[in-house]
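There are 4 protein chains.
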Amino acid sequence: MTPEKDLREQLATCTRILAMQGLIGLFGHVSVYQPETKTIFVTPGSGSDKPHFQADDMIPIHLDGKPLDGETLPPVEWPIHTALHGARTDALAVAHLHTPYATLFSIARREFHPVTLQGTIFGEGVPLYKEAHLVTTPQRGDNLLKTIGDHRAVLMRGHGIVVAGKSLAEVLFASMILEDDTKKTMQALTLGPIDHFSAEECRGFNAEIDFERRSRRAWEFFMRLESTWDRQGGTGKIELFP
Amino acid sequence: MTPEKDLREQLATCTRILAMQGLIGLFGHVSVYQPETKTIFVTPGSGSDKPHFQADDMIPIHLDGKPLDGETLPPVEWPIHTALHGARTDALAVAHLHTPYATLFSIARREFHPVTLQGTIFGEGVPLYKEAHLVTTPQRGDNLLKTIGDHRAVLMRGHGIVVAGKSLAEVLFASMILEDDTKKTMQALTLGPIDHFSAEECRGFNAEIDFERRSRRAWEFFMRLESTWDRQGGTGKIELFP
Amino acid sequence: MTPEKDLREQLATCTRILAMQGLIGLFGHVSVYQPETKTIFVTPGSGSDKPHFQADDMIPIHLDGKPLDGETLPPVEWPIHTALHGARTDALAVAHLHTPYATLFSIARREFHPVTLQGTIFGEGVPLYKEAHLVTTPQRGDNLLKTIGDHRAVLMRGHGIVVAGKSLAEVLFASMILEDDTKKTMQALTLGPIDHFSAEECRGFNAEIDFERRSRRAWEFFMRLESTWDRQGGTGKIELFP
Amino acid sequence: MTPEKDLREQLATCTRILAMQGLIGLFGHVSVYQPETKTIFVTPGSGSDKPHFQADDMIPIHLDGKPLDGETLPPVEWPIHTALHGARTDALAVAHLHTPYATLFSIARREFHPVTLQGTIFGEGVPLYKEAHLVTTPQRGDNLLKTIGDHRAVLMRGHGIVVAGKSLAEVLFASMILEDDTKKTMQALTLGPIDHFSAEECRGFNAEIDFERRSRRAWEFFMRLESTWDRQGGTGKIELFP
Chain P
1 MTPEKDLREQ
11 LATCTRILAM
21 QGLIGLFGHV
31 SVYQPETKTI
41 FVTPGSGSDK
51 PHFQADDMIP
61 IHLDGKPLDG
71 ETLPPVEWPI
81 HTALHGARTD
91 ALAVAHLHTP
101 YATLFSIARR
111 EFHPVTLQGT
121 IFGEGVPLYK
131 EAHLVTTPQR
141 GDNLLKTIGD
151 HRAVLMRGHG
161 IVVAGKSLAE
171 VLFASMILED
181 DTKKTMQALT
191 LGPIDHFSAE
201 ECRGFNAEID
211 FERRSRRAWE
221 FFMRLESTWD
231 RQGGTGKIEL
241 FP
Chain X
1 MTPEKDLREQ
11 LATCTRILAM
21 QGLIGLFGHV
31 SVYQPETKTI
41 FVTPGSGSDK
51 PHFQADDMIP
61 IHLDGKPLDG
71 ETLPPVEWPI
81 HTALHGARTD
91 ALAVAHLHTP
101 YATLFSIARR
111 EFHPVTLQGT
121 IFGEGVPLYK
131 EAHLVTTPQR
141 GDNLLKTIGD
151 HRAVLMRGHG
161 IVVAGKSLAE
171 VLFASMILED
181 DTKKTMQALT
191 LGPIDHFSAE
201 ECRGFNAEID
211 FERRSRRAWE
221 FFMRLESTWD
231 RQGGTGKIEL
241 FP
Chain F
1 MTPEKDLREQ
11 LATCTRILAM
21 QGLIGLFGHV
31 SVYQPETKTI
41 FVTPGSGSDK
51 PHFQADDMIP
61 IHLDGKPLDG
71 ETLPPVEWPI
81 HTALHGARTD
91 ALAVAHLHTP
101 YATLFSIARR
111 EFHPVTLQGT
121 IFGEGVPLYK
131 EAHLVTTPQR
141 GDNLLKTIGD
151 HRAVLMRGHG
161 IVVAGKSLAE
171 VLFASMILED
181 DTKKTMQALT
191 LGPIDHFSAE
201 ECRGFNAEID
211 FERRSRRAWE
221 FFMRLESTWD
231 RQGGTGKIEL
241 FP
Chain V
1 MTPEKDLREQ
11 LATCTRILAM
21 QGLIGLFGHV
31 SVYQPETKTI
41 FVTPGSGSDK
51 PHFQADDMIP
61 IHLDGKPLDG
71 ETLPPVEWPI
81 HTALHGARTD
91 ALAVAHLHTP
101 YATLFSIARR
111 EFHPVTLQGT
121 IFGEGVPLYK
131 EAHLVTTPQR
141 GDNLLKTIGD
151 HRAVLMRGHG
161 IVVAGKSLAE
171 VLFASMILED
181 DTKKTMQALT
191 LGPIDHFSAE
201 ECRGFNAEID
211 FERRSRRAWE
221 FFMRLESTWD
231 RQGGTGKIEL
241 FP
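Sequences listed follow chains P, X, F and V, in order.
Start counting the first sequence at 1; every next residue gets the next number (this note's numbering).
Start counting the second sequence at 1; every next residue gets the next number (this note's numbering).
Start counting the third sequence at 1; every next residue gets the next number (this note's numbering).
Start counting the fourth sequence at 1; every next residue gets the next number (this note's numbering).
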């Protein structure tokens with residue numbers, strides 16, 4: 001069992017990296033699950049100071065969203081986390097992000113297909129949750145769960161994304177990959193018609209690649225970078241959604 | 001009655017945040033109204049050093065644009081502020097901004113429709129003021145007032161935007177939302193045809209959300225961020241319009 | 001007569017501001033003319049350290065491109081400067097820039113028309129110099145002069161721009177305006193068909209505006225900003241062309 | 001024979017500059033060849049800290065990819081480097097990069113043609129390597145070699161680019177030029193149909209330009225800039241691919 005202390009540290013670190021990379025904005029949140037105790041650790045909600053998160057700021061909640069201490073409320077969209085952690089054993093980490101580029105696929109009618117080799121981890125597609133609301137009730141959480149199915153990620157219409165994975169390192173890496181792939185799709189389309197990788201090509205590429213190992217490498221790289229970050233994005237220009 | 005001291009502090013803070021976020025440029029200005037004394041506090045005009053504004057720099061004027069001290073002139077487009085503060089009780093704060101993305105909707109013929117959940121606060125649309133001049137006379141101010149009607153914001157052709165609200169926090173938050181929504185519209189269109197939220201969906205979403213509370217959260221977050229800003233946007237690259 | 005010392009100071013300052021704003025890149029150059037002595041002061045050529053330019057680095061040359069000291073060579077495209085300073089009394093300052101956005105109009109077939117109120121100073125259009133070479137001879141300089149005619153600026157195909165003006169402040173301000181207007185044109189086109197200001201609207205707007213005064217305001221603002229610039233664009237990411 | 005010490009220094013410097021400019025990301029690598037000893041010096045692989053590379057970090061390998069010390073493994077895509085260094089006498093330096101803009105031409109179906117004067121060094125075109133895998137075997141390296149032929153660069157589908165040159169300075173400069181040209185192509189297309197330089201115009205321009213000399217100038221400029229870089233891209237926002 002991964003000790004609570006480590007889960008809290010990793011969650012705070014992951015969220016600071018997401019803030020540094022401009023992927024979480026003011027209203028995103030991330031969680032990690034301790035299945036042995038059925039406890040979810042989740043970051044504080046809107047307005048909290050993500051670039052300065054520490055292990056102690058993380059909020060432990062039960063699978064029904066109730067805080068363990070009976071007091072400290074999780075983000076209002078906590079049902080995203082409880083639904084996924086409760087139902088999918090491969091969803092030990094969950095991020096709800098408002099990334100600048102992946103979110104565009106929740107606005108445009110174009111279906112997502114990977115255009116980069118790294119993006120082939122999303123070769124099975126990224127479904128769209130269409131409802132025009134925040135996921136603030138367990139029923140909405142269940143609907144989201146039905147939409148994501150066993151995919152790595154789901155788009156939320158005009159809103160953002162949810163990415164699930166076996167570890168925070170995988171969720172961080174997969175979020176960056178989805179962001180990069182959607183950004184490149186958008187930019188390449190300015191050049192005219194584009195190609196994407198076929199399902200077969202996606203499977204072929206992933207059979208050769210150790211995704212977990214690459215996730216850990218990315219995690220170590222960004223952890224090192226984050227350790228000397230000036231906490232302001234340098235420019236002071238942290239975006240809202242972003 | 002909100003004391004003058006507080007209004008001045010808030011106005012300077014709001015403008016520094018807008019400068020930090022790259023939303024005001026060299027020629028924008030912001031105001032706040034004290035209805036009990038019919039006094040408008042407005043930021044100094046073109047060329048002034050927005051990243052370093054302090055409470056003492058704010059200029060008090062009457063509803064006819066005359067400076068209270070008889071000397072310190074407000075920005076030449078003061079009739080924007082006097083028109084709105086004088087006529088709309090829900091316009092206690094007014095920002096005239098040259099934001100990079102919202103301004104594009106004053107150039108393209110495309111009508112604005114919200115594509116993000118946050119953007120649904122602009123579900124009633126954002127009208128366009130078409131005249132090719134600066135709003136430098138009370139008559140032009142009245143025309144602008146007719147165009148904006150009871151909307152939250154108005155586009156000014158090839159120029160910028162005006163956003164009105166019940167507080168500076170609301171105006172700041174709404175300006176950021178409009179900027180984000182128009183930016184995402186532009187980018188998503190690169191992917192092909194897009195969807196937007198219907199009037200009904202906008203009303204449904206806003207019925208669930210406490211806009212004022214979220215505005216205050218955003219205000220507190222950016223105030224904290226601004227307090228350690230290096231005053232230069234890090235890169236020193238402050239844009240003109242911007 | 002403006003003293004040499006002042007011209008040198010202003011030229012170095014102007015170029016540092018252009019470097020800070022990412023408008024000059026590795027290969028651009030700027031000049032200012034002292035008509036009483038028929039002397040041109042020009043910035044050093046490719047590879048020179050623009051963010052650190054000082055008055056002493058400026059190179060004085062004659063109208064035939066020969067250095068006054070017989071030794072220190074000007075940039076290879078000096079005929080741009082000698083042609084304009086020698087022929088146009090309203091071209092006391094000349095900048096050859098590789099700006100990111102205006103340069104796009106030298107690649108696309110679309111004709112330039114101002115889409116912003118500020119851009120109306122270019123209401124008479126911006127012609128295109130089509131030759132696929134650097135302007136390294138007096139004859140090429142003369143051809144460029146014929147192309148620019150009495151316009152404020154000329155586009156150089158797949159290369160950059162030249163902007164002329166009565167002072168360095170005007171050239172700086174006009175360059176920023178052209179950059180902003182072309183950037184907004186490009187971005188607004190992503191939204192669909194766009195409008196531009198008619199020749200009549202351009203004249204009407206400019207009749208109301210004191211361009212010189214606004215240029216001085218912009219100059220003072222950016223001079224103040226530049227004085228505390230970290231000389232690296234913060235990110236260290238100075239672009240080549242840029 | 002260029003001493004090993006100098007090759008190591010230059011390779012580390014070149015890679016730090018590429019990191020500073022956002023052209024290499026987490027997974028790129030660069031090499032330089034010492035033909036007299038048939039030794040390749042290559043940068044460490046994925047996850048390594050490129051902004052802090054020093055001469056001692058460089059890995060010497062044989063033309064068959066075996067490390068000289070028998071221990072320190074090169075990046076998994078070492079066959080890119082061995083194939084090119086072994087076969088082309090004009091490929092003394094080789095960079096495998098994941099640049100933001102050039103990579104788009106490996107996704108879109110549009111063929112590359114130079115739109116800038118500098119870009120005319122790629123007047124002979126940039127071929128596309130179509131396979132959906134990493135170049136991890138000598139056979140794949142040979143296929144890549146066949147695709148690049150005697151061109152300066154090759155696009156790798158949904159992946160990145162390889163640039164070869166007579167020196168690290170040339171490879172650095174050529175990479176920046178290709179990046180700039182592809183970026184401007186993409187942006188200019190937003191304005192509508194565009195023009196590019198004909199093969200004849202490319203030859204004419206290059207006959208007048210000393211590419212090596214310009215490469216050295218760029219090298220000196222960026223080396224100076226890099227020497228005071230804050231190692232974080234200022235914003236801490238180093239991208240993954242990037």
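Read the hints as simulated data drawn from the structure, not as lab findings.
Because the structure is a prediction, the values reported are computed rather than measured.
Don't take every hint at face value.
One-sided and incomplete, this derived list gives chain X residues near chain F with beta-carbon spacing under 7 Å [claimed, not checked]:
#1 47
#2 108
#3 110
#4 189
#5 191
From the three backbone atoms N, C-alpha and C, an ideal C-beta is built for every residue, glycine too.
Okay, the hints, checked on the actual structure:
Interface restraint check: residue 47 of chain X against chain F, minimum CB-CB distance 3 Å, threshold 7 Å, status holds. Checking residue 108 of chain X against chain F by beta carbon gives a least distance of about 4 Å; that is within 7 Å, so the hint holds. Nearest Cβ of chain F to the Cβ of residue 110 of chain X: about 4 Å, under the 7 Å cut. The hint holds. Satisfaction of the interface hint for residue 189 of chain X is found here, the shortest Cβ-Cβ separation to chain F being roughly 6 Å, below the 7 Å cut-off.
The closest approach between the C-beta of residue 191 of chain X and any C-beta of chain F is roughly 11 Å, which is over the 7 Å cut-off, so the hint fails.
Of the numbered hints stated above, the single one contradicted by the structure is hint 5.
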